[in-house]
Amino acid sequence: MANATAINAGMPVTRRRMTMKKFVRRKSTIAFVMALPLILLIALLVVYPALFSMYLATLNKSMEHFVGFGNFEFLFKRDTFWMVVKQSCIFAISAVFFKALIGFFVAHFVHAIPAKGQRKWRGMLLVPWVIPPAMSTLGWFWLFDPTYSAFNWIFVRIGIDPVNWLGDPMWARFSVILVNIWYGAPFFLIMYLAALKSVPEQLFEAASIDGANWWQKIWYITLPMMRNIISITVLFSLIVTFANFDIVRILTNGGPVDQTHVFATWAFNLGIQSSDIPLGASVSLFMLPILAIAAIFILRGVNQRGNEA
Amino acid sequence: MTTATATTGQTRPVRQASMQRNRRWALVWSYVFLVLFAVFFLMPPIYMFITSLKSSGEVSAITNPWWVYHPTLENYAALLGSSTFMTFFRNSAVVALIVVVVTMLISIPAAFALSRMKFWGSATLATGVFLTYLVPDTLLFIPMFKIFAFVHEYTGIELINHWWALIIIYPTLTVPFATWILIAYFASIPKELDEAALIDGAGYLQMLTMIFIPVALPGIIAATIFAFTVAWSQFLYPLAFTTSADQLVLPVGIVTTLIKGDVYNWGQIMTGALLGAAPPLIIYAFLMDYYIAGLTAGATKG
Amino acid sequence: MAQVTLHKLVKNYDDTPAVRGIDLTIADKEFVVLVGPSGCGKSTTLRMIAGLEEITGGDVMIGSEVVNDVPPKDRDIAMVFQNYALYPHMTVYENMSFGLRLKKVAKDEIARRVENAARILDISELLQRKPKQLSGGQRQRVAMGRAIVRDPKVFLFDEPLSNLDAKLRVQMRTEIKRVHQKVRTTTVYVTHDQIEAMTLADRVVVMNGGLIEQVGTPNALYHFPATKFVAGFIGSPAMNFVPCAIEEAAGALRVRINSDIVFPVPQDRTQRYRAHIGKARLLFGLRPEHIVEQRSHMEPNQHAFEVELEVTEPMGMETMVFFLLEGTELCGRVNPNAGAQSGKRMKLVADLGNMHLIDDASGQVL
Numbered sequence: 001m002a003n004a005t006a007i008n009a010g011m012p013v014t015r016r017r018m019t020m021k022k023f024v025r026r027k028s029t030i031a032f033v034m035a036l037p038l039i040l041l042i043a044l045l046v047v048y049p050a051l052f053s054m055y056l057a058t059l060n061k062s063m064e065h066f067v068g069f070g071n072f073e074f075l076f077k078r079d080t081f082w083m084v085v086k087q088s089c090i091f092a093i094s095a096v097f098f099k100a101l102i103g104f105f106v107a108h109f110v111h112a113i114p115a116k117g118q119r120k121w122r123g124m125l126l127v128p129w130v131i132p133p134a135m136s137t138l139g140w141f142w143l144f145d146p147t148y149s150a151f152n153w154i155f156v157r158i159g160i161d162p163v164n165w166l167g168d169p170m171w172a173r174f175s176v177i178l179v180n181i182w183y184g185a186p187f188f189l190i191m192y193l194a195a196l197k198s199v200p201e202q203l204f205e206a207a208s209i210d211g212a213n214w215w216q217k218i219w220y221i222t223l224p225m226m227r228n229i230i231s232i233t234v235l236f237s238l239i240v241t242f243a244n245f246d247i248v249r250i251l252t253n254g255g256p257v258d259q260t261h262v263f264a265t266w267a268f269n270l271g272i273q274s275s276d277i278p279l280g281a282s283v284s285l286f287m288l289p290i291l292a293i294a295a296i297f298i299l300r301g302v303n304q305r306g307n308e309a
Numbered sequence: 001m002t003t004a005t006a007t008t009g010q011t012r013p014v015r016q017a018s019m020q021r022n023r024r025w026a027l028v029w030s031y032v033f034l035v036l037f038a039v040f041f042l043m044p045p046i047y048m049f050i051t052s053l054k055s056s057g058e059v060s061a062i063t064n065p066w067w068v069y070h071p072t073l074e075n076y077a078a079l080l081g082s083s084t085f086m087t088f089f090r091n092s093a094v095v096a097l098i099v100v101v102v103t104m105l106i107s108i109p110a111a112f113a114l115s116r117m118k119f120w121g122s123a124t125l126a127t128g129v130f131l132t133y134l135v136p137d138t139l140l141f142i143p144m145f146k147i148f149a150f151v152h153e154y155t156g157i158e159l160i161n162h163w164w165a166l167i168i169i170y171p172t173l174t175v176p177f178a179t180w181i182l183i184a185y186f187a188s189i190p191k192e193l194d195e196a197a198l199i200d201g202a203g204y205l206q207m208l209t210m211i212f213i214p215v216a217l218p219g220i221i222a223a224t225i226f227a228f229t230v231a232w233s234q235f236l237y238p239l240a241f242t243t244s245a246d247q248l249v250l251p252v253g254i255v256t257t258l259i260k261g262d263v264y265n266w267g268q269i270m271t272g273a274l275l276g277a278a279p280p281l282i283i284y285a286f287l288m289d290y291y292i293a294g295l296t297a298g299a300t301k302g
Numbered sequence: 001m002a003q004v005t006l007h008k009l010v011k012n013y014d015d016t017p018a019v020r021g022i023d024l025t026i027a028d029k030e031f032v033v034l035v036g037p038s039g040c041g042k043s044t045t046l047r048m049i050a051g052l053e054e055i056t057g058g059d060v061m062i063g064s065e066v067v068n069d070v071p072p073k074d075r076d077i078a079m080v081f082q083n084y085a086l087y088p089h090m091t092v093y094e095n096m097s098f099g100l101r102l103k104k105v106a107k108d109e110i111a112r113r114v115e116n117a118a119r120i121l122d123i124s125e126l127l128q129r130k131p132k133q134l135s136g137g138q139r140q141r142v143a144m145g146r147a148i149v150r151d152p153k154v155f156l157f158d159e160p161l162s163n164l165d166a167k168l169r170v171q172m173r174t175e176i177k178r179v180h181q182k183v184r185t186t187t188v189y190v191t192h193d194q195i196e197a198m199t200l201a202d203r204v205v206v207m208n209g210g211l212i213e214q215v216g217t218p219n220a221l222y223h224f225p226a227t228k229f230v231a232g233f234i235g236s237p238a239m240n241f242v243p244c245a246i247e248e249a250a251g252a253l254r255v256r257i258n259s260d261i262v263f264p265v266p267q268d269r270t271q272r273y274r275a276h277i278g279k280a281r282l283l284f285g286l287r288p289e290h291i292v293e294q295r296s297h298m299e300p301n302q303h304a305f306e307v308e309l310e311v312t313e314p315m316g317m318e319t320m321v322f323f324l325l326e327g328t329e330l331c332g333r334v335n336p337n338a339g340a341q342s343g344k345r346m347k348l349v350a351d352l353g354n355m356h357l358i359d360d361a362s363g364q365v366l
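Protein chains in written order, with this note's numbering: chain F, 1 to 309; chain V, 1 to 302; chain L, 1 to 366.
Keep in mind the hints are simulated off the structure, nothing from the lab.
Every value quoted in this text rests on a predicted model; they were computed, and no experiment measured them.
Each residue gets a CB set at the ideal place from its N, CA and C atoms; glycine is no exception.
Take the hints with a grain of salt, since some may be wrong.
Stated by the list, open to error - Covered stretches of chain V (chain F as the covering partner; in silico rule of three or more C-beta atoms under 8 Å from a C-beta of chain F):
id, segment
1, 210-218
2, 231-242
Claimed, not checked - Ranges between beta-carbon positions, derived for each pair:
id, chain 1, residue 1, chain 2, residue 2, range
3, V, 101, F, 256, 52 to 58 Å
4, L, 168, F, 217, 57 to 63 Å
5, L, 133, V, 150, 31 to 37 Å
6, F, 51, V, 157, 54 to 60 Å
7, V, 156, L, 69, 48 to 54 Å
8, V, 73, F, 73, 42 to 48 Å
All chains should be modelled from the sequences, with the hints used to inform the complete structure.
Here is the structure:
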């Protein structure tokens, strides 16, 4: 072939070599440098403390001796610990369940009204999520105040006994869960509304023709189509709710008699307020297995979506 | 349905009317529920606002808590004039703004690298970013406390009880999700744009600044809003790491100092809480679409 | 000298070969079209020339320089993408001048070049608009303008007309040809549409499965295809293929289709086909345009036969007729007034001077 002989015939052919300058300009080097701050952040401020936390959990209170699993044994024997476990789980599961449920249904209502109004309503309904939780919890604290509770004021006027929102163990747990639902449901609303809009309208029209009523449409079309986003948001919220601090701390600080403590608040009291850092670290670490399991499920869900899409 | 034999045209309007009636019922029910939930969701902030307009006299008078009889701005005046409160506000603002800048400086290049340039370990890193977002602050605050103490021992740099320590730790909360949002936005820019820019002679940095950032601006705004809101609302870390009044940020300041002993000045507390909620709310009011876009981009774009 | 040379060019994605060894020389100022079905490796080849894909093996030379390791911006090329790839946040003027601005070219020089290109492409009034305000055809022109402004050694086009509707495609095809005549630059153009290839190219490169099947002028490919693939790919509607056998009768060669239909082999091919008498797996190839209605006067090498028509498609200018022979559906193009009707038998005439004999086992045209 003509060109092959041209090369061999010694026509001036110039090649370029790989030099140091070229290495620096290489795509992968630049990319790595750009991602470096992120990598450092994660390594130094997330991974390292997490591992350090495991080390801390094995020390004694003054952090001078190694006690192995001593802290954990101590915790297992304490009733409070098991109460905290139980409360954290109930708290997370019930709150997430209702948040998802409310979010799901309200999303349908928003979706059902004419498009122009949707933006307004959506804007109003998202407000709880925008307000810093510490601030809005203060508001609820005020609403639940034993002497001045605005709710009790209404109750008394319509003949119901006033409720000891934060002092009675059962009601305290209810209040904490209620505030969490109030704060978190709008997030679900927004997510599900977006997902709902991505379900093709024609599926519902075809179902109408096939004779489905509103309940059947939800069961056979909406839920399966939204299955992935539902599982991701639920798992996500389980993690976040499980580790929640602000609401319990401000409303009850774990009381009455530790009946509303969750992992985060109890760890804070033990570790920072009572200055027993290793013990506090041990409590925090108990969240890890649950978080890890949830994280695995979420990753699977996200990857599945990537493949489906 | 009367005479079916009469003009066939007559049977049609009846059917349509019943469909319309169904639709109207659905609308009515929707609005009913929407109003109910709107009341539920908006009631606490509104109540907070009502209380903020009450003098402490009116608060303790146990009159109708849902109405203000003698509205007054004395609470607002007191707080806005109090140097302690304004210190809280200033600390919060400074911390939040610096954190936003730091977050963007870390996240934008990282998101660009992860979404566009495949390098060794980029997939692992992307998953790692996501996992980091799942690690809650409640897990890290205790070891961080000890780490800060160490740093003080070895280098003399005071980190505990100083607001600038928060600038170091807040990015762990903001950067992962911001990076996630930005990766989603960058990924939606067509690949041919990169190639056209490459042929036009752009280096990677130029591609990022002259093309990606302008085109992905909505995503950048959404990530900025998110970072600001998270930094502003933080409660656990400042509660753990700052104690003296001049170092506190707003959420902690209001909760700890306004509740002095047994005397709760509810009017002021509610005012403080509302003022603390104001910046995110104002941003939300003006940039609601970006706010929501950031949320959904992170999740639905996977 | 803007000659482009590909020497044993190979591209593998992990273990999958996409391009399996391409040798091609494109002369200066030549318009070459790479054409072939999806997955044949034409886009990959183009992108290797551009520097957007890593080269697994072989060399790409632009001019006399081997450019394998040269980044795209230094290869002195310009590319027009299928999706236009216009920067959405920049005006047309800024889009076209982006590359020059990066090179820090003087402002008045930029203005001169952009306005010149805009004039050639007739988009001068659009310079201050943003891409989203433009139609598909206008966007494609801007993309071409961006390429012209760079004044490169080689233009690369990656299926630029695939996103346009049929009518617009025809218009833009003519535009591209007109521009090439004005701005005489070496061009490599990739498409899957063989009509585009035939109308635009100085030479056509037919690719299949990562290899070049044949290179030649449009006419050469049409009249003298070298393989069954090229014969069936070029020309629309595609060439008819029917299994056949070569037999000898009274010193002359004949092509037998079935018990009823036998065609005489043209004189000039008797020598060539003699070697294949009795061979198995032979295909008879004839384009639809060479199967016509019976006319008053028969040309030499034309032979009549009669078949029952399955389907007729009136196209206005002609009528396409479809009929079955030995289980294969064949197509002919007859005069619309010839009385073709589906279900009826019709006398058709085959122009055997244009026939092709193909060895189905090797795919070669004999």
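| task | Could you tell me which of the numbered hints above are not met by this structure, giving the numbers in increasing order? | result | 1, 3, 4, 5, 6, 8
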